[in-house]
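Peer 1: Construct the complete structure from the given sequences, taking the supplied hints into account.
Protein chains in written order, with our numbering: chain R, 1 to 110; chain Z, 1 to 111.
Some clues are possibly wrong.
[What the hints assert, rightly or not] Simulated crosslink set (PhoX-like; lysine-lysine; CA at most 25 Å straight-line): (1) LYS97(R) <-> LYS68(Z); (2) LYS97(R) <-> LYS78(Z); (3) LYS68(Z) <-> LYS36(R).
[Unchecked claim] Partial chain Z-side listing against chain R, Cβ under 8 Å, derived: (4) LEU43; (5) TYR48; (6) ALA67; (7) TYR96; (8) GLU99.
Treat the hints as calculated values from the structure; they're not laboratory data.
All C-beta atoms, glycine included, are put in the ideal place defined by N, C-alpha and C.
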Amino acid sequence: GEDVEQSLFLSVREGDSSVINCTYTDSSSTYLYWYKQEPGAGLQLLTYIFSNMDMKQDQRLTVLLNKKDKHLSLRIADTQTGDSAIYFCALRGGGFKTIFGAGTRLFVKA
Amino acid sequence: DAGVIQSPRHEVTEMGQEVTLRCKPISGHDYLFWYRQTMMRGLELLIYFNNNVPIDDSGMPEDRFSAKMPNASFSTLKIQPSEPRDSAVYFCAFLYTGELFFGEGSRLTVL
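Peer 2: Rendered as structure tokens:
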């Protein structure tokens, strides 16, 4: 089945950029997502990219997709303490199952 | 997330007891999902429904787990009998314009 891998932790200083990486195995994924989870809450969609795109920018967020290497990344510019959360990479193919990575816990130091 | 109401938010029960988790999504969306989140296994898809019909339950751990969706605005996930390894946060979500909208989850602790 589909495998989605992320590193578990990332620590950055406030004001620096954060880069969260994700690798996956299923090249047929059509939609690639980044979700954010704050403590005690459900997941919320941050941004997404279609598989026919290489890059998408949305304010402080930049998503890069390397289809050849099956690698997805999320860059957060000017990281703030409010960005501390767990970030999930998720993929969906032509069907309706969305498969999530284990999540990367981002710590932002003031 | 007002789009999905889950109850109870927290439940503590003893091994062997029956647990029923409830989900009320905004009606009118065709796909409803149940996920389980643990530290060890992350976010796992348990089952999803389309038009109230279970489509894929391959993620349901074992026969102790069952899910129903009697109508478009209500679903239940039942565990009977519960075991300590079922302790997790259980999320319900619906799909709309390609995005999953999650409830805030039900945190289950089985002692």
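Peer 1: Hint by hint, note whether the structure agrees.
Peer 2: Hints, one by one, checked against the model:
Under the criterion of a C-alpha separation no larger than 25 Å, the hint pairing LYS97(R) with LYS68(Z) is consistent with the structure, at around 18 Å. Between the alpha carbons of LYS97(R) and LYS78(Z) the distance comes to roughly 21 Å, so the proposed pair stays at or under 25 Å and holds. Using a Cα cut-off of 25 Å, the hinted pair LYS68(Z) and LYS36(R) is violated, with the two alpha carbons roughly 28 Å apart. Annotation: LEU43(Z) was flagged as interfacial toward chain R, and the flag holds, the nearest CB pair being 4 Å apart, inside 8 Å.
For TYR48(Z), the interface hint holds, since its Cβ comes within 8 Å of a Cβ in chain R; the closest pair sits about 7 Å apart. A cut of 8 Å between beta carbons decides the hint on ALA67(Z): the least distance to chain R is about 15 Å, and the hint is violated. Hint on TYR96(Z) is violated. Least Cβ distance to chain R is approximately 10 Å, over the 8 Å limit. Because the smallest distance between the Cβ of GLU99(Z) and any Cβ of chain R comes to about 5 Å, under 8 Å, the interface hint for this residue holds.
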